[in-house]
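S.K.: Between the sequences and the hints, there should be enough to build the whole structure, so can you do that?
Sequence lines, in order, name chains A and B.
Mapped onto the numbering used here, the consecutive letters of the first sequence carry residue numbers 23 to 141.
Mapped onto the numbering used here, the consecutive letters of the second sequence carry residue numbers 20 to 218.
Derived from the structure by calculation, the hints contain no laboratory data.
All of these numbers come straight from a predicted model, not from anything done at the bench.
Each hint can be trusted.
Mimicking DSS-like on lysine-lysine, the simulated pairs with C-alpha atoms at most 25 Å apart in a straight line are:
no.: 1; chain 1: A; residue 1: LYS123; chain 2: B; residue 2: LYS199
no.: 2; chain 1: B; residue 1: LYS149; chain 2: A; residue 2: LYS120
no.: 3; chain 1: A; residue 1: LYS53; chain 2: B; residue 2: LYS199
no.: 4; chain 1: A; residue 1: LYS138; chain 2: A; residue 2: LYS89
no.: 5; chain 1: A; residue 1: LYS53; chain 2: A; residue 2: LYS120
no.: 6; chain 1: A; residue 1: LYS124; chain 2: B; residue 2: LYS199
no.: 7; chain 1: B; residue 1: LYS68; chain 2: B; residue 2: LYS217
no.: 8; chain 1: B; residue 1: LYS217; chain 2: B; residue 2: LYS71
no.: 9; chain 1: A; residue 1: LYS124; chain 2: A; residue 2: LYS138
no.: 10; chain 1: B; residue 1: LYS144; chain 2: B; residue 2: LYS217
no.: 11; chain 1: A; residue 1: LYS98; chain 2: A; residue 2: LYS74
no.: 12; chain 1: B; residue 1: LYS144; chain 2: A; residue 2: LYS98
no.: 13; chain 1: B; residue 1: LYS199; chain 2: A; residue 2: LYS120
no.: 14; chain 1: A; residue 1: LYS124; chain 2: B; residue 2: LYS144
Far from chain A, by Cβ distances over 12 Å, these chain B residues were calculated:
no.: 15; residue: LYS71
no.: 16; residue: SER75
no.: 17; residue: LYS83
no.: 18; residue: GLY88
no.: 19; residue: GLY93
no.: 20; residue: SER94
no.: 21; residue: ARG97
no.: 22; residue: THR98
no.: 23; residue: LYS149
no.: 24; residue: ASN154
no.: 25; residue: PRO208
no.: 26; residue: TYR212
no.: 27; residue: THR213
Label-pair distances were calculated between CB atoms; the ranges are:
no.: 28; chain 1: A; residue 1: LYS124; chain 2: B; residue 2: ASP182; range: 21 to 31 Å
no.: 29; chain 1: A; residue 1: LYS138; chain 2: B; residue 2: GLU136; range: 29 to 39 Å
no.: 30; chain 1: A; residue 1: SER83; chain 2: B; residue 2: TRP70; range: 41 to 51 Å
no.: 31; chain 1: B; residue 1: LEU148; chain 2: A; residue 2: ASP46; range: 28 to 38 Å
no.: 32; chain 1: B; residue 1: GLU218; chain 2: A; residue 2: ALA139; range: 38 to 48 Å
Beta carbons are placed, not taken as given, at the ideal position from N, Cα and C, and that holds for glycine.
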Amino acid sequence: MPTLNEHVNQYNHNKSLLSNTVFDINNTTYKDWVVTITFYNAVHLIERELAKITTPYHSGSHTYREKAILREKKLKTIAAKYQALYNQSIRARYECYKFSKKDVEGVMHILDDIEKALT
Amino acid sequence: MITYFGNTQHKDMNNGESFIRPSSHVQQVPNVQRAQYILSTNITDIDSKQWKGLCSKMYKSALKSTMEGYDYLGSITRTVIDWGSDNKVDENSFAKVISMIRSNFMQISLLDIWQQELISAVYRKAHTLKVYIFNSLGFDSLWVIVDDPSTDVILEYSELYIDVIENYPDANCDFMVFGKDESNQFSLPADTYTIIVKE
Numbered sequence: 023m024p025t026l027n028e029h030v031n032q033y034n035h036n037k038s039l040l041s042n043t044v045f046d047i048n049n050t051t052y053k054d055w056v057v058t059i060t061f062y063n064a065v066h067l068i069e070r071e072l073a074k075i076t077t078p079y080h081s082g083s084h085t086y087r088e089k090a091i092l093r094e095k096k097l098k099t100i101a102a103k104y105q106a107l108y109n110q111s112i113r114a115r116y117e118c119y120k121f122s123k124k125d126v127e128g129v130m131h132i133l134d135d136i137e138k139a140l141t
Numbered sequence: 020m021i022t023y024f025g026n027t028q029h030k031d032m033n034n035g036e037s038f039i040r041p042s043s044h045v046q047q048v049p050n051v052q053r054a055q056y057i058l059s060t061n062i063t064d065i066d067s068k069q070w071k072g073l074c075s076k077m078y079k080s081a082l083k084s085t086m087e088g089y090d091y092l093g094s095i096t097r098t099v100i101d102w103g104s105d106n107k108v109d110e111n112s113f114a115k116v117i118s119m120i121r122s123n124f125m126q127i128s129l130l131d132i133w134q135q136e137l138i139s140a141v142y143r144k145a146h147t148l149k150v151y152i153f154n155s156l157g158f159d160s161l162w163v164i165v166d167d168p169s170t171d172v173i174l175e176y177s178e179l180y181i182d183v184i185e186n187y188p189d190a191n192c193d194f195m196v197f198g199k200d201e202s203n204q205f206s207l208p209a210d211t212y213t214i215i216v217k218e
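M.R.: Written out as structure tokens, the structure reads:
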């Protein structure tokens with residue numbers, strides 16, 4: 023199970039990947055992957071917060087993570103945003119949904135909100 | 020025994036429920052007279068398009084009355100009355116449809132309270148077209164189908180979901196929002212319960 027620092031490192035690693043030109047949302051044909059990576063960034067931010075309580079920490083599934091989010095006052099404020107990212111990532115990974123630029127901007131905006139709430 | 024205003028011929032179809040004619044003082048009410056006229060009219064040559072249109076209206080009125088906590092049968096009867104006296108409905112078919120709709124909406128009352136709350140909440144959202152409820156791998160899935168599943172719309176539904184589910188820590192729910200085009204590709208369990216809000 024990852025430690026708090028490992029969650030932080032993975033978050034930074036994913037952020038770095040997202041800043042790659044291949045994922046520039048103005049040009050990219052990989053909008054589905056932008057959505058997926060953005061979701062995993064939110065996961066590592068949340069797991070980082072949970073690891074502050076119990077470390078090492080790994081939720082194991084979306085359901086466990088959701089319940090953990092709802093138990094923690096700080097995380098509860100971003101519960102709906104996390105659920106929305108999860109929903110969009112499922113559509114990206116399993117439904118082969120073709121996202122619009124606006125959809126992806128919306129997803130990235132949600133991650134921004136989560137980042138601000140958890141700093 | 021539960022008694023409903025309706026058709027006496029369906030006493031055996033509904034496990035102890037019977038349909039009765041309205042009492043004499045009720046017959047003085049014009050709308051009830053019209054309903055009685057419709058119920059007692061035995062004309063079978065209603066075309067399939069008319070029948071489909073009426074069934075759709077009846078389903079929607081039953082859903083609305085179920086969600087808003089008033090008598091579904093009264094609502095359906097009113098729908099038939101409003102449908103117009105020019106259209107005549109075979110009484111057997113009418114009672115059969117009421118029976119089917121009743122059976123369908125009774126399923127809502129058998130669901131867990133959190134599922135009922137969630138269904139009621141998504142029903143009120145303007146984007147909702149359909150709701151699928153099923154159990155898979157130990158999870159109670161509640162999938163909402165909308166016209167345009169944009170990120171903003173999905174966030175709205177996610178907020179609504181969290182508002183309900185935070186009060187039920189033991190619920191294991193797989194809540195998802197999909198577009199109608201995606202939903203055409205789903206392979207859902209055979210016992211999936213479907214609520215059609217809009218067509």
